[in-house]
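Participant: Next come the chains, spelled out residue by residue.
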Amino acid sequence: MSVSAQGVQAAASPDSGTTDRFYPARRALETVAGPVIALALAALVFSLFLLALGKSPSQFFQLMWLGAFASSFSLTNTLQRAAPLLLTALCVAVPAQLGLVIIGGEAAVALGGLAATLVPLLISGPPALVILLMGVFGIAAGAFWISITGWLRASRGINETVASLVLSYIGIALFNHLVEGPLRDPSSLNKPSTYAIGDANMLGSLPGTDLHPGLLVGFVVCVLCWVLIFRTSLGFSMRVTGGNLRAAMLQGLPVERLILLACVIGGGCAGLAGMIEVAAIQGRANASLIAGYGYAGILIAFLSRQNPLVIIPMSVLLGGIGAAGGLLQRRMDLPDATVAVLEGFIFVAILASDTLQGRFAWFQPRTKS
Amino acid sequence: MDSIATVLVAMIAGALRVSTPFLFVSLGECLTERAGRINLGNEGVLVLGAMVAYATSYETGNPWAGVLAAAFAGALLGAIHGAICSLARVNDVAMGIAIMLAGTGISFFFGKPYVQPSAEHLPTLPLGFWSSLPNIRSALEVSPLFFLGLAAAFALHWFFRTTRIGLRVRIVGDSADAARALGLNIDRIRLLATAAGSALAGIGGAFLSLSYPGSWNEGLSSGQGLMAVALVVFARWNPLHCITAALIFGAAGALGPSLQTVGITQGYYLFYAAPYVVTLLILAATVRPGRSLRGMPGELSIGR
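Residue numbers (our numbering), protein chains in the order written: chain A, 40 to 408; chain B, 17 to 320.
A hint or two may mislead.
Partial list, derived from the structure: chain A residues whose beta carbon lies under 10 angstroms from chain B [stated by the list, open to error]: (1) 140; (2) 142; (3) 172; (4) 196; (5) 199; (6) 207; (7) 212; (8) 216; (9) 217; (10) 219; (11) 225; (12) 226; (13) 369; (14) 371; (15) 373; (16) 380.
Distance windows between CB atoms, simulated [to be verified]: (17) A:225 <-> B:311: 24 to 34 angstroms; (18) B:260 <-> A:84: 39 to 49 angstroms; (19) B:301 <-> A:400: 14 to 24 angstroms; (20) B:260 <-> A:286: 50 to 60 angstroms; (21) B:310 <-> A:288: 20 to 30 angstroms; (22) A:84 <-> B:311: 34 to 44 angstroms; (23) A:330 <-> B:174: 37 to 47 angstroms; (24) B:300 <-> A:330: 28 to 38 angstroms; (25) A:238 <-> B:260: 43 to 53 angstroms.
Note that these hints are calculated values from the structure, not bench results. Bear in mind that the values here come from a model prediction, so they are computed numbers and not experimental data. The beta carbon of each residue, even a glycine, is placed where N, CA and C say it ideally should be.
One chain only, chain A, in its complex shape:
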């Protein structure tokens, strides 16, 4: 079941001689089918895992549905957990358009949250202004941090994966230094934290719900990034660069500036995630910001094949699995790490399913003979 040479040729130049009207639909189906089959397979393997432990898979998935989506309380919990993931996934997906694999979102979240807590210390004004400035500070800090990686890549040719990982440790050390040193609120004894931003400056709830507006921000930013990538010439330049660097350079595209810009956008998203965590949930910056949002974001971005619109359902799915953890623990007497095992199975299965892309001739473009 390999790709026919004819199929490859037609895919490379879809306008020349292709009269396959259904190809876009089949291509979309192929993109969806792989992950869905992988998801089902992961659920199957996980069911066997549960059976081996003498637990009921059907009860597990029923409880998971109850704990993640069935009530407004659980749905709120799910969406709350999805909010930071939307933005940290963008920190990977936007630079990925240029072929970059950035894995340093964890530090950008922490530093974005930390920068946001500076605003109430520096100025006192109406909460709307303070919150706006907190957002600006958070975005700026995250954008700055990831743009170091982008700069090293663009101007020195240093691999962005290694650089962002190393910078992530440096950033987290800087965060710890500031939180436990100069920026520490002396009254936070057991868990070193910065000064609280104050109740007035917290993001409230959306009217009629318990959801914080950060979720909405995440959705909007995902849509904006999708528009940027797939509906603007800037995004087209990015995708050209990611698809073929030499072609992009021959066309005179400003590759170095594009790399820097993608890193600024991605880092800004991760920094915004940190600001929202601080302004909507924590109220201050501390070690709770370093909770693996950055790493989960990497996987969600890859699971979504770097498409910002697909990031939305993937983040909600992952948020739901996390939200159901507590209920599963109480009702089935399973360890809290059970959901982490399920997530691990899902990640491995869906990433492995990438290998199926393009293997089946049925999904390929057809030419009239």
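Keeping the supplied structure of chain A fixed, place chain B upon it in accordance with the hints.
Facilitator: Here is chain B on its own, set in the frame of chain A:
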């Protein structure tokens, strides 16, 4: 003057203790990367190794059985990573992070019952017997695993330099085309290198739970498995330099606690970050556009 000596002794002691897991994980990562693949999943392997070693030691009463079991569990998880990455179009960086999360999830799941009980620890070698000072004596209580790690580093160096299989691993890592021309089975060699590397990382995990800090809980690893990637860059993919890298990164990590013993509780995070800054400077100083780092295997996805 006295406090400087205290800090120094505490730092050396800390470096000897903290560097052992660094040494094993970086050697394992080095082996995997020399075969042309990156394994960020070694973080998961480290945690799994720690859990399996602790559980085995508790159940059998023999800590060395725990070390063996940890190596075996590590090899298994590494083989899964290696096998899936052999498939076309699978990204090894993302798969590594998936393996990291899956590995830690499985460890926490099965490790839950072992958080409370205390398992038999590995013995230590009292190398400070010549001193009458108690803090020097305790500082030089060195785990035999440290020396095993040193031996592994020299063995790996010899393996790459002089053995036929070592040469094959290097060929596969430096040029897949050359390997194909020689008729080598690239996927199999990479799979075996990943599994063997993860076995080493698993032993590093066994050190965490059976020697220092010497307990099993969910906060045991502080990311040494991921840091191994930085250590290997620092060591320029040379197993002998992995020893230096592990000692330097270990000492930087040990500086904070040792400063605390003399009452300095702030600022050490910056020292902790120092080796990472040096790693970045090494990268910045030696990499030019169009030329990758000296010593870096040519097939490595992070080299492009």
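Participant: Decide, hint by hint, whether the structure agrees.
Facilitator: Each hint tested on the structure:
1. The beta carbon of residue 140 (chain A) comes within 5 angstroms of a beta carbon in chain B, closer than 10 angstroms, and the hint placing it at the interface holds.
2. Hint status for residue 142 (chain A): holds, given a least beta-carbon distance of 7 angstroms to chain B, under 10 angstroms.
3. Checking residue 172 (chain A) against chain B by beta carbon gives a least distance of about 27 angstroms; that is not within 10 angstroms, so the hint is violated.
4. Hint on residue 196 (chain A) holds. Least Cβ distance to chain B is approximately 4 angstroms, under the 10 angstroms limit.
5. Annotation: residue 199 (chain A) was flagged as interfacial toward chain B, and the flag holds, the nearest CB pair being 9 angstroms apart, inside 10 angstroms.
6. The criterion of a C-beta within 10 angstroms of any C-beta in chain B is met by residue 207 (chain A), whose closest approach is roughly 9 angstroms, and the hint holds.
7. A hinted interface residue such as residue 212 (chain A) counts as satisfied when its beta carbon comes closer than 10 angstroms to some beta carbon of chain B; here the least separation is about 4 angstroms, so the hint holds.
8. With a cut of 10 angstroms, the hint placing residue 216 (chain A) at the interface with chain B holds, because the nearest CB-to-CB distance is about 4 angstroms.
9. Nearest Cβ of chain B to the Cβ of residue 217 (chain A): about 9 angstroms, under the 10 angstroms cut. The hint holds.
10. The restraint placing residue 219 (chain A) at the interface with chain B holds, with a minimum CB-CB distance near 7 angstroms, inside the 10 angstroms limit.
11. Proximity of residue 225 (chain A) to chain B is violated relative to the hint, the smallest CB-CB distance being about 12 angstroms (cut-off 10 angstroms).
12. For residue 226 (chain A), the interface hint is violated, since its Cβ never comes within 10 angstroms of a Cβ in chain B; the closest pair sits about 17 angstroms apart.
13. Interface hint at residue 369 (chain A): violated, since its Cβ lies 15 angstroms from the closest Cβ of chain B, which is beyond the 10 angstroms cut-off.
14. With a least beta-carbon distance of about 13 angstroms to chain B, the hint placing residue 371 (chain A) at the interface is violated under the 10 angstroms criterion.
15. This hint holds: residue 373 (chain A) has a C-beta 8 angstroms from the nearest C-beta of chain B, less than the 10 angstroms allowed.
16. Hint status for residue 380 (chain A): holds, given a least beta-carbon distance of 4 angstroms to chain B, under 10 angstroms.
17. Between residue 225 (chain A) and residue 311 (chain B) the CB atoms are about 48 angstroms apart, so this pair departs from the stated range of 24 to 34 angstroms.
18. Restraint check, residue 260 (chain B) to residue 84 (chain A): a C-beta distance of roughly 42 angstroms satisfies the suggested window 39 to 49 angstroms.
19. The supplied range of 14 to 24 angstroms is broken by residue 301 (chain B) and residue 400 (chain A), whose beta-carbon atoms lie about 50 angstroms from each other.
20. Judged by the Cβ atoms, the range 50 to 60 angstroms given for residue 260 (chain B) and residue 286 (chain A) is violated: they are separated by roughly 43 angstroms.
21. Evaluation of the 20 to 30 angstroms hint for residue 310 (chain B) and residue 288 (chain A) yields a pass: the beta carbon distance comes to about 26 angstroms.
22. With their beta carbons about 40 angstroms apart, residue 84 (chain A) and residue 311 (chain B) fall inside the hinted range of 34 to 44 angstroms.
23. A hinted range of 37 to 47 angstroms holds for the C-beta pair residue 330 (chain A) and residue 174 (chain B), which are about 43 angstroms apart.
24. Separated by about 30 angstroms at the C-beta atoms, residue 300 (chain B) and residue 330 (chain A) satisfy the suggested range of 28 to 38 angstroms.
25. The supplied range of 43 to 53 angstroms is met by residue 238 (chain A) and residue 260 (chain B), whose beta-carbon atoms lie about 51 angstroms from each other.
Consistency note: the structure conflicts with the earlier hints numbered 3, 11, 12, 13, 14, 17, 19, 20.
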